[in-house]
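So the chains spell out like this:
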Amino acid sequence: MKILVIEDEQSLRENITNYLNVDGNICESCSALNPALQKLSDYDYDCVLLDIGLPDGEGLDVLQYLRTNQKNEGVLIISARNSLEDKLKGLDIGADDYLTKPFHLAELKARLMAVYRRKALNTNNKLIFNEITIDVQGRTVEVNEASIILTRKEYDMLLYFIANKGKVISKNAIAEHLWGDEMDMHDNFDFIYTHVKNLRRKLMDAGGKDYLTSIYGIGYKFMG
Amino acid sequence: MKLSAHYTRTSIYITLTVLLAGAIIYYFAINYIAQQQLDQGLQQQLIEAEEYVRSSNQDPQQYDLDRDHAVFTRTNEQKLQKRFFDTTYFNPKAQRKEAGRAVEDLVKLKHTNYKVVITISRAGQKYLIEVITIITLVLLAGLLLVLFIINKYMLNGLWKPFQLTLKEIKQFNIADVDQFKGKPSKVTEFAELNEAIREMSLRVTYDYLNLKQFTENASHEMMTPLAVVTTKLDTLIQDETLSAGQLEQITDIYGSINKSTRLNQSLLLLAKLENKLITDNESINLKTVLSEKMLQFQELMQTKYLSFEHNLQPKQLLASKYLVDILLNNLFSNAIRHNNTGGVVIIELHGEQLSIKNTGANYSLNEQLIFERFQKGKESQGTGLGLTLVKNICQHYGYGIHYEYDSGWHTFILKF
Numbered sequence: 001m002k003i004l005v006i007e008d009e010q011s012l013r014e015n016i017t018n019y020l021n022v023d024g025n026i027c028e029s030c031s032a033l034n035p036a037l038q039k040l041s042d043y044d045y046d047c048v049l050l051d052i053g054l055p056d057g058e059g060l061d062v063l064q065y066l067r068t069n070q071k072n073e074g075v076l077i078i079s080a081r082n083s084l085e086d087k088l089k090g091l092d093i094g095a096d097d098y099l100t101k102p103f104h105l106a107e108l109k110a111r112l113m114a115v116y117r118r119k120a121l122n123t124n125n126k127l128i129f130n131e132i133t134i135d136v137q138g139r140t141v142e143v144n145e146a147s148i149i150l151t152r153k154e155y156d157m158l159l160y161f162i163a164n165k166g167k168v169i170s171k172n173a174i175a176e177h178l179w180g181d182e183m184d185m186h187d188n189f190d191f192i193y194t195h196v197k198n199l200r201r202k203l204m205d206a207g208g209k210d211y212l213t214s215i216y217g218i219g220y221k222f223m224g
Numbered sequence: 001m002k003l004s005a006h007y008t009r010t011s012i013y014i015t016l017t018v019l020l021a022g023a024i025i026y027y028f029a030i031n032y033i034a035q036q037q038l039d040q041g042l043q044q045q046l047i048e049a050e051e052y053v054r055s056s057n058q059d060p061q062q063y064d065l066d067r068d069h070a071v072f073t074r075t076n077e078q079k080l081q082k083r084f085f086d087t088t089y090f091n092p093k094a095q096r097k098e099a100g101r102a103v104e105d106l107v108k109l110k111h112t113n114y115k116v117v118i119t120i121s122r123a124g125q126k127y128l129i130e131v132i133t134i135i136t137l138v139l140l141a142g143l144l145l146v147l148f149i150i151n152k153y154m155l156n157g158l159w160k161p162f163q164l165t166l167k168e169i170k171q172f173n174i175a176d177v178d179q180f181k182g183k184p185s186k187v188t189e190f191a192e193l194n195e196a197i198r199e200m201s202l203r204v205t206y207d208y209l210n211l212k213q214f215t216e217n218a219s220h221e222m223m224t225p226l227a228v229v230t231t232k233l234d235t236l237i238q239d240e241t242l243s244a245g246q247l248e249q250i251t252d253i254y255g256s257i258n259k260s261t262r263l264n265q266s267l268l269l270l271a272k273l274e275n276k277l278i279t280d281n282e283s284i285n286l287k288t289v290l291s292e293k294m295l296q297f298q299e300l301m302q303t304k305y306l307s308f309e310h311n312l313q314p315k316q317l318l319a320s321k322y323l324v325d326i327l328l329n330n331l332f333s334n335a336i337r338h339n340n341t342g343g344v345v346i347i348e349l350h351g352e353q354l355s356i357k358n359t360g361a362n363y364s365l366n367e368q369l370i371f372e373r374f375q376k377g378k379e380s381q382g383t384g385l386g387l388t389l390v391k392n393i394c395q396h397y398g399y400g401i402h403y404e405y406d407s408g409w410h411t412f413i414l415k416f
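Chains A and B, in that order, give the protein sequences. Just so we're aligned, residue 1 is where the first sequence starts under the numbering used here, counting upward by one. Just so we're aligned, residue 1 is where the second sequence starts under the numbering used here, counting upward by one.
Among the clues, some could well be false.
[Unchecked claim] Each computed DSSO-like pair below joins lysine-lysine, with the alpha-carbon atoms no more than 27 Å apart:
| hint | chain 1 | residue 1 | chain 2 | residue 2 |
| --- | --- | --- | --- | --- |
| 1 | A | LYS165 | B | LYS232 |
| 2 | B | LYS391 | A | LYS87 |
| 3 | B | LYS259 | A | LYS87 |
| 4 | B | LYS321 | A | LYS153 |
| 5 | A | LYS2 | B | LYS232 |
| 6 | A | LYS89 | B | LYS321 |
| 7 | B | LYS160 | B | LYS2 |
| 8 | B | LYS276 | A | LYS87 |
No lab work stands behind these hints: they were computed from the structure.
Please model the entire structure based on the sequences and the hints provided.
Structure follows, in structure tokens:
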């Protein structure tokens with residue numbers, strides 16, 4: 001997957017690029033509107049990560065540019081503004097998803113993968129990871145070609161883990177992904193354990209490998 | 001009391017005093033002038049009588065001058081001071097007594113002294129004074145009436161621009177887009193007042209917008225560093241050499257970031273609510289939303305071994321889905337957070353009322369304080385804005401919200 005990160009905050013940009021630059025992904029970045037437009041006219045990307053609060057102009061201009069030039073990049077907006085109008089405006093003029101700061105890198109990657117999958121749905125509507133096959137359209141999971149029944153949360157969790165395979169994911173990130181960041185979790189994430197345990201058991205019962213490792217004190221890791 | 005009433009009252013008092021004083025002075029002046037004239041007449045008659053007596057040279061006792069009474073009496077007094085005095089006058093035609101004026105003097109005739117008293121009627125003069133008094137009183141009453149009417153209608157008319165300005169000031173909302181205009185007035189004072197208010201409102205609105213923008217920008221600017229911290233931590237936890245203890249510290253930092261994020265968002269939302277910026281109303285089936293919420297909080301409930309009891313009847317609301325979500329999140333979250341382990345949360349929705357009831361501490365909370373900003377229990381891990389948001393959302397939609405305590409049960413009741 002080829003990704004362009006447009007973000008003016010240097011450390012944020014570096015962290016994002018480093019996190020995304022795995023599994024053969026090519027991640028490029030720029031810090032302002034004009035170089036971004038230059039890059040978009042020179043190359044094709046699969047996904048564009050766009051901070052709409054750029055110093056040299058409205059980030060939304062990028063969306064306008066992509067639309068007028070009929071380019072097919074998936075766009076994920078990141079914004080410091082949580083307001084509904086901004087979200088709708090972003091999605092209205094052609095963004096595929098909207099992420100509010102602050103966010104977890106795992107969340108960013110999962111959203112980016114989802115945007116990418118949606119864009120590539122015509123050619124590939126199956127997500128295959130070793131013996132696990134996920135039909136993202138039908139929301140069904142097969143392990144070794146035998147289908148398994150997952151609850152909604154387990155399914156979401158599996159997608160989330162696969163998108164972030166090989167990375168340690170904090171319980172906070174998982175909780176925010178599954179229950180939304182509006183919800184006050186009371187800093188108690190013990191209940192995630194039950195869901196992880198059930199997912200792990202279901203995968204292993206169907207003959208899958210044990211991918212899920214608990215990282216004591218912080219969260220989980222889905223071994224890639 | 002209205003200014004015009006004050007003015008009317010004062011002006012009527014002053015007018016009344018001045019007019020009454022004027023009337024009294026007027027009365028005495030007229031009286032004095034009329035008396036002077038009578039006295040002059042008497043003096044004339046006295047001279048005529050003396051001349052007549054001297055020329056006729058006979059006993060003047062029977063003397064009668066026209067219809068005026070002149071009485072001559074022989075006297076031994078050698079000297080008598082001429083004097084004018086009030087007396088009664090007998091009108092022979094009307095056969096009745098009237099007020100009269102008389103003069104008394106000494107007339108000498110051949111070494112004999114006569115005291116002469118001439119009396120004339122004062123009725124004409126009294127009549128004149130009466131007529132003048134009546135005219136004056138009528139004028140006075142008329143003047144008062146006119147003053148009253150002028151004050152009542154004219155003054156009210158004069159104050160109309162002021163009242164319009166006042167009305168506009170009352171309706172002035174700092175968050176509104178439309179500015180204070182003020183009806184143009186020809187009266188300098190009102191024109192100046194309008195101008196001053198217009199300038200003030202512009203300044204206030206400008207400052208307010210500035211401050212609002214500042215608050216918004218500050219809140220948003222804070223999100224980027226928080227995003228940097230989060231992503232740095234996300235990167236940091238990939239390090240396999242970190243110990244479990246270090247990772248636990250990081251989990252706590254995540255928790256704090258999450259809290260400051262929510263705090264920030266709550267403050268922004270409060271600001272929006274206060275400025276009435278949320279208008280995306282839609283029809284919401286509250287029963288469905290409540291059922292979803294119970295599902296959403298299910299795991300959180302299980303960690304404290306809590307159970308839900310519910311009795312829900314259908315209810316449609318016209319509100320922002322986002323706000324209703326936040327409202328319920330806060331109420332549910334509180335009912336769970338402040339519950340005892342193994343406690344119960346009872347949710348009832350019927351008619352125009354939603355109540356969320358939970359077991360908890362054995363003392364009542366202070367209803368006055370709990371809805372205030374940053375009022376929270378010592379052990380509470382919340383932002384301290386949850387119930388403030390609840391109250392403001394309720395106010396936004398005109399719902400009533402109150403708290404009740406009954407032997408270990410804490411209830412929040414929402415009336416639509």
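Between LYS165/A and LYS232/B, is the straight-line Cα distance small enough, at 27 Å or below? Between LYS165/A and LYS232/B the Cα gap is close to 18 Å, so the pair holds against 27 Å.
Is the straight-line distance between the alpha-carbon of LYS321/B and that of LYS153/A 27 Å or less? Within the cut-off at roughly 23 Å; holds.
Hinted pair, alpha-carbon criterion (27 Å max): LYS89/A, LYS321/B. Please report holds or violated. 18 Å, holds
Under the criterion that the straight-line Cα-Cα distance not exceed 27 Å, is the pair LYS160/B, LYS2/B satisfied? 13 Å, holds
Would the hint linking LYS259/B and LYS87/A be met if the CA-CA limit is 27 Å? 22 Å, holds
So if I understand the rule, the pair passes when the alpha-carbon distance is 27 Å or less; does LYS391/B with LYS87/A pass? 26 Å, holds
Holds or violated: are the alpha carbons of LYS276/B and LYS87/A at most 27 Å from each other? The given pair, whose Cα atoms are some 19 Å apart, holds under the 27 Å limit.
When you check the alpha-carbon spacing of LYS2/A and LYS232/B, does it fall within 27 Å? Holds - the C-alpha atoms of LYS232/B and LYS2/A are around 23 Å apart, at most 27 Å.
Every hint from the earlier list agrees with this structure, and none is contradicted.
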